[in-house]
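Asks: Take a look at the letters that make up each chain.
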Amino acid sequence: MNSAIIPVGIQKVEKMKKKPDVQQGTLALMVLKTLEVLGPLHGYGIARRIEQISGDLLEVNQGTLYPILLKLEHEGVIESEWGASENNRRARFYRLSRAGHKRVESETREWERTTAIIAQFFNIKAEELS
Amino acid sequence: MRFLRRFLMRLMNLVTRRNNDKRLREEMEEHIALETQENVRRGMSTTEARRQALLKLGTVEVVRERYHAEQTLPLVESLLGDLRYAMRQLVKSPGFTIAAIVTFTVGIGTNAAIFSSMDAVVLRPLAVPRLDRVVTISEERVRGGYAQTTLANYEDWLRSSSSFEELAVRKEADMTLMGAGDAAHIEAAITSPSFFTVLRAATLLGRVYGPEASQPGQDAVAVLNYDFWQQRFGGDSSILGRKIELDQRTYTVIGVMPKSMQYPSTADVYLPFAPTPEQLADRTKRDYLVTGRLRDGVSTQQAQAEMRTIAAHMAEAYPKTNQGWTVHVEPLLDGINGPYTPEYYRLLMGATLFLLLIVCANVANLQLARGVARRPEIAMRMALGASRWRILRQLLTENILLGLAGAAGGLAFGAFFLHLTLITMPERVARYMSGWSNISLNGRVLLFSLLIAGLAGIVAGMAPAAEALRVNLVNQLKAGSRSSVGSGRMHRLRNIFAVAQISLAVALVIGAALISKGMNAWLHVADFYQPGSILTFNIDLPESRYGTAQKRAQWYAASLSRLRALPGVTHAELTSALPYDDNGWVRDVEIENRSVVPGKLQSALYLPVSSGYFDTLRAPVVAGRGFNQEDSLGSMPVAIVSERFVAQHFPGENPLGHRIRMGGHDSNENEPWLTIVGVAKETNYSLWDPIPHTAVYVDTGQIPPLSIKYALTTGGNPLSVAQAARRALADLDPAIPLNTVETYAQLMHDNLIGLIYVAALLGFDAAFALLLAAIGIFGVMANLVGERTREFGVRLAMGARREDVLHMVLRRAGQLTAIGLSIGLVLAFALAHGLASLLRGVRPGEPMVFAVMALAIMVVALAASWIPAWRAGRVDPMVALRED
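Respectively, the protein sequence lines represent chains A and B.
Quick note: the first sequence, position 21, residue 21 per our numbering, numbers continuous.
Numbering-wise, our numbering comes out as the position in the second sequence, counting from 1, plus 130.
For the record, the hints were derived by calculation from the structure and aren't laboratory data.
None of these values were measured; they are calculated from a predicted model.
Take the hints with a grain of salt, since some may be wrong.
To be verified - The calculated lysine-lysine pairs, modelled on BS3-like cross-linking and capped at a C-alpha distance of 30 Å, are:
1. B/K301 with B/K415
2. A/K33 with B/K647
3. B/K152 with A/K33
4. B/K681 with A/K71
5. A/K71 with B/K152
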């Protein structure tokens, strides 16, 4: 396994020790954004896409992914139904609901604001404050 | 919002037991299939591709568990599991379960009953919205003492105050009701229409009167109080529009107030107040009661400060009538409850919560005994990986379940208990307690019961659960399912609980005994007057027909001679109050040619009596003369004063011949100067007042009042002459009803009813506490004997006598009892001092009570221990040694 891979979500404790924590809720946002851009996807598709988009730096843990999908479904931001997968077998497809679109928008704004603030802090130079 | 939605979805899944397990499995299979495919594409062999896919997925069980946790509410789910398990455990040991539930039932039930009556009487006597904003406003003498107000002052307050949303005025009037059954004496509240808006009172039926009714001529409408409507009209819902006749005037009933809105509680009807201009300008008759609703943000103190400023201005503007007067504003609730009732209730509630503590100790003790048998089970569960917290939660669940079962039983018990309280309260006392008729087991009581049930469960379960968790895993599992002897620590704990029970019981029992003794002494305080043989009743002469002294004097003379002629009646006399009756009229008194010392309250109890009163009621005239036939309406007005009056105002002087006048400063000029002609033996007219009043007696033949109390002494049962007395007076005037016909003894009982209640309920608490303490020590001793059977067998085999073993056990019980007793006595002593400061008549230093009660508790505890001790003595050495 590539040591540069950053785990998303909760993984086995031994692994967590070495690698930096990823902010809670990040995976949910990634799932929502992926669904927004790519349309309906099944669980594996979502996991794979997230890994690809991150340039295989992230590894999505299925033990976390499916409970999160269920949670988002309970919250009403995604919906799911049975469909046929690439190899023509039954698979559960998830897509963004109307509430989900709004949620992505607001979360994106929130995220941008946070990163902007953090960025400001990184750019601080001592002379600017004196 | 989204959290709520998520929660609801999970709750739904939980309730419908929807299981998405199949869906997850299918999704995971597909996931692995796709992952494998992908891996193959990357160049792995089929077997390796699948292996890698499975590795990446991780443990299937973990995924499933997490998924399941997300799907429903795991906490609730495990709680339900715990509940099911607890239920099974409790069913498995029915003896313990029944004992625990019964004790909880009584403990919680008593608490629920006391709380519900306290809630109705003290906390929320009226269903008035924002009751805390409603205040009463009375005038206060600068020298001390409150009074009602005059109408002109009220009008000024209305104009110049800004603290109130609204003010209302009312006066109370005694009236005679005709045309609805027998003539009846009723009490009316004559109110300004704003009275209902101040209280924000809605009617049960019909409407209340509005501002139009305060115009003279439009005020012939009446609103009925709930109780009066029930009793007099049988709750007739077609009452609206009916005519009733009050003091020869016809009123139309337009509304009925609801049960929860009986204020003032003595009022039977509400009538509109239509003041005349003369009344409105009057500053001398302090006959009016004022209530008001504070504006938002104005405190009682602020309102009082404003009113005092206004009063100061008015004292300058009207020095003759308003000098020396200021204003007192107090929350309506304080006025309704009076000083004693909340104290009584607080005391009872405290004692009853005390009882609940004893109940908890009892259940804890039972749990500890049971804990020994459960050790293997707990050890097994811990060995299987259950965390301590998980087991603790399970054990506490069991206890809370017990508590809740107790609460269910407790509500039933409480309802029964309340019923007893309600039926034993005399109606004539209940009517003076606003809120008494609202007592019921309502939502708040339910909530309170559930709360204390949960708390009691936790309190009772904490120590046993903690003890159960101290199990030594290895030893316990080695011992297997054989139940083992409890640890020394556990014995200590059980002893502590037994001792705690005894000491709490001691405190309660002694407290109750002190109160009973105080109450008993008070019930017999009037025995000197032979209250069992005296019949009393009150009458009120309607002013419309008995407006002149002449007519009243005639009535009194005629009625007395008729009553005296009745067979069985030895004496018939009049008085405004009987000894210890707390019913007199305290008035200012002025002595001729003496200046009033400023700041010194100079008042006396004013008692119109008939001439034979002094001898009949054993308050003989000790100096001068009594009243006689010569004292009439036309002759010089005379008075007889009490010995205390002489001691206070004429020390070392002869009071005879001096003149006094009632009413002092505010007396209108009609009040006559009274010449003192006699001195009567000192008699106490108050149970409660710490300082006895001086008394001034006047002759009812000379100064006949409008209302009076009759006292008839009889040879036998006084109630047997009641009917004859009623008929005799009805012959004179059928429209004058006799009120509160009862014996003097009953009257004393009514006056002491609060104390009697406290004593009875506390007595119940104490008896139950004692029973629990006895069960507690019995349990501990039985447990001890059970565990040491073998040892006793050995002792007996080695030659110990049976008595030795018996004494050994009893000695142990005696030690525990002695410790409990000594702690309890300290507690009781503290409690006694608290009680004495709270309840007059209860004396803290009653060594006899302490000694007798301590002895009684000792006997009970030892009696309870005797059975296990006796069993210890009966151990058969052969059997005991063969065991194991």
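Asks: Evaluate each hint against the coordinates.
Replies: Hints and how they fare:
Restraint check for B/K301 and B/K415: satisfied, since their Cα atoms lie roughly 11 Å apart, inside the 30 Å limit. Taking the CA atoms of A/K33 and B/K647, the gap is near 81 Å; set against the 30 Å cutoff, the hint is violated. At roughly 28 Å between alpha-carbon atoms, B/K152 and A/K33 fall within 30 Å of each other, so this suggested pair holds. Between the alpha carbons of B/K681 and A/K71 the distance comes to roughly 91 Å, so the proposed pair goes past 30 Å and is violated.
With a CA separation close to 17 Å, the supplied pair A/K71 and B/K152 stays within the 30 Å bound.
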